[in-house]
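With the hints as constraints, model all of the structure from the sequences given.
So the protein lines, in turn, are chains A and B. No gaps in the numbering here: position 24 of the first sequence is 23 in numbering that gives the first Met the number 0, and each next residue is one more. No gaps in the numbering here: position 87 of the second sequence is 86 in numbering that gives the first Met the number 0, and each next residue is one more.
Watch out, some of these pointers could steer you wrong.
Said to hold, decoys possible - Computed far set for chain B versus chain A, every beta-carbon distance over 10 Å:
(1) A43
(2) S84
(3) G175
Claimed, not checked - Okay, the calculated beta carbon distance ranges per label pair:
(4) A:F73 <-> B:R228: 25 to 31 Å
(5) A:A15 <-> B:A99: 47 to 53 Å
(6) B:D32 <-> A:Y13: 49 to 55 Å
(7) B:R228 <-> A:D113: 17 to 23 Å
(8) A:G58 <-> B:S29: 53 to 59 Å
What the hints assert, rightly or not - Just a sample of chain A residues kept apart from chain B, beta carbon distances all over 12 Å, derived:
(9) T1
(10) H29
(11) G39
(12) F73
(13) L117
(14) R126
(15) L186
(16) A191
(17) G192
(18) D204
(19) E240
(20) L243
Because the hints were derived from the structure by calculation, they are not lab data. Glycine included, each C-beta is placed from N, C-alpha and C at the ideal position.
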Amino acid sequence: MTPVLEAEHLHLMYGARPALHDVTLDVREHEVLAIIGPSGCGKSTLLRTFNRMNDRIPGVRVIGSVRFRGRSVFDIEPTSLRRQVGMVFQRPTPFPMSIFDNVAYGPRMHGVRDRRRLKEIVETSLRRAALWDEVKDKLSAPAAALSGGQQQRLCIARTLAVEPQVILLDEPTSALDPGATAKIEELIEELAGAYTIVLVTHNLDQAERVSDRVAFMLAGEVVEVGPTAEVFERPRDPRTERYLAGRPLTVARRGVRGPRLAPVGEWGAR
Amino acid sequence: MTKRSSAGSAPVARRSSGSDPGGAPAALRSRGDRAFRLATMLAAAAVLAAAAAIAFVLLRASAPAISRFGPAFLVRADWDPIRLSFGALPFVWGTLYTTAIATVLAVAAGVMTALYLTEVAGGGTRAVLGFTIEFLAAIPSVIFGLWGLYVLIPWLRDHVAVPLSMRAGDFPLLAGPVYGPGMLAAGLVLAVMIVPTVAAVSREVFASVPETLRDAAYALGVTRWEMVRTVLLPAAKGGLLGAVVLAVGRAMGETMAVTMVIGNAAAVSVSLFAPGNTMSSVIANQFAEATERLHQAALMEIGLLLFLTTLLVNLGARWLAARTAARAMMVPPFAGAPEEGQADAA
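Below is the structure:
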């Protein structure tokens, strides 16, 4: 069966600076794939090639192939690709409009005019994003009045409203407090059955908790990919092992803060 | 004085000089601080005093006209230095008319230029065009006046005004006779002059809209124009309003270039081609020859009007901007509503 997304021998350069080097990676139907690695390793860049968001950055050159359901993404109109491959960003990005209009934004732009149909879409999307109960009485309030965690779930709802098949999450909890982070993680687990999810994260515990497979990147390369438990418990590559060893073991998992062993890059969660 | 204060504050002085070896004594330092406070306060007060003095002088100098014509001065269309009968309506009308033409054109062109700069152009074009715009803003207005007089007016007359008024002269907006100088010429020259201001301010406004907001729109599969129309412009609304008001302010007060191309006629006409005068251009045109006290006072009263109008425009702008901001539409994403709180943004 063809993977949903696949990168093959992908190289990417920002001007003369290489950002991705010979990346080969596939994303399978209905899985949660986590991409981990130190800052600047290229994980966000890789994520942004899947929906061609890198097109927006001047001077980007790409060699190799990226396919969505077997078809090169560069042969698909970006607008159509991005409807099928949605994305949520590091910081919540509510539009300067009401909660309702935020969620209805995508469907409206793609031609849904019927008021009742829009209401349906908004309610379904907000329910799926576990935000409905908190906002159902203030749908016409400005989105900016929500808390950071609520704003991020609103952004997820807005992405769901255009009915994508894949959701790319670019460090979706790095700007949130632990409580809001836990809610987003729960949400990812709930969405996993219906969507294919690629999660870029700094938070190794998060990757371990929510992903089926995990890819470790370093300096623009994919070092290791495998089932999450396997990679975390028996990493095959010494570089993966070093990176994973460098994280502080959280109280919740091990009860004590573990030793810091020569971290490869920055370690652990914020 | 020195003795008493040094005796009175001896312990304090010793302690502070102990913690700050080599520094000036505390008394001297606090005197410096007082002097600084006083100097800045005086400078700020001078600004207020200047504004008040201008208002006072204008008011006093225009007193003869105010007592002679009363409030009717505003709506009298008659301006006759020979019979000493004065009314401001033609100039209020001329100011509103030319400002309207200039603002509509300059806002459209300026905002589109800014959009091209921030959303479309690549690095090289962006730098060159950005520099050119700033350069345009620095050209003295008399140059624009000359250009209007020798280039724009002849062209307008031959290719726009005459053909239009010959074919559609029954339509009041396009009625003749055509002289050359007039409202349209003044409005166009003004528009060219304020485009750089509008473009520069709008560019700042667009640049201040977070890139992540654009990303978020694009990630939902919309085109560039859709992103601009539905996300960027709404997010920039408050700031753009500021640009518009700046444009209005500049257009209303601009004197030199307008005086050169407006035709210097005290008449109220709806025609684009009719000569007229604005509040500032009538002052510039007639001050030298106003020998009668009442004539001078009438010009002063027009100056007072211009002063008050400018004040009102500025106040209105602040009010509009504050209202827009209060509607929470300009609150940047994640500006920090308290977690799970009933946040009342702004």
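Violations among the numbered hints, reported as their numbers in ascending order = Hints that this structure does not satisfy do not exist here, as all of them hold.
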